[in-house]
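Enquirer: Residues 1 to 129 in the working numbering are what the sequence shown lists, from first letter to last.
Derived from the structure by calculation, the hints contain no laboratory data. There may be inaccurate statements among the hints.
Below, a list of computed lysine to aspartate or glutamate pairs in the EDC-like style, where the Cα atoms sit at most 16 Å apart [to be verified]:
(1) Lys52 / Glu115
(2) Lys111 / Glu83
(3) Lys52 / Asp88
Computed from a predicted structure; not experimentally measured.
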Amino acid sequence: MLPRSGMKAWEPWSPSRAQSALLGRIEQLLGRASMDENLAGLATAFARLPEKTRLRCRRQPRGDSRTDTYVRVEADDGSQWLEGVIVDGQCDENGEFDLDDFFTVFTTIDKADGELIRCNGANCHVAIL
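Construct the entire structure; sequences and hints are all you get.
Expert: What follows is the structure in structure tokens.
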């Protein structure tokens with residue numbers, strides 16, 4: 001069967017290209033597994049907070065990178081930083097947090113039990129991890 005117009009006949013990848021693609025995918029999956037491990041720890045610590053505190057948060061962490069927004073937040077002057085999961089803040093029409101407005105991050109960086117930190121996105125650098 002001939003290929004359709006504009007399409008090339010199928011050719012297998014060279015071993016080096018296949019190896020490169022496979023290793024890239026493995027790295028991606030290992031990175032996600034590590035992130036999910038961090039998120040699971042945050043979700044466990046969050047679940048230990050008093051119920052009254054947890055209920056004030058719009059989105060409780062589940063320990064899953066597909067649903068949690070894991071971020072690194074750094075003050076504009078670089079004097080302070082934290083990593084954690086966003087649990088509250090304004091959302092856009094797609095349900096994504098507005099990182100230029102105020103938002104709340106749950107982190108275990110300084111306290112093993114975790115703490116809620118309110119951040120002003122206009123005064124810091126935010127990277128989604």
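Enquirer: Flag every earlier hint the structure violates by its number, smallest first.
Expert: none
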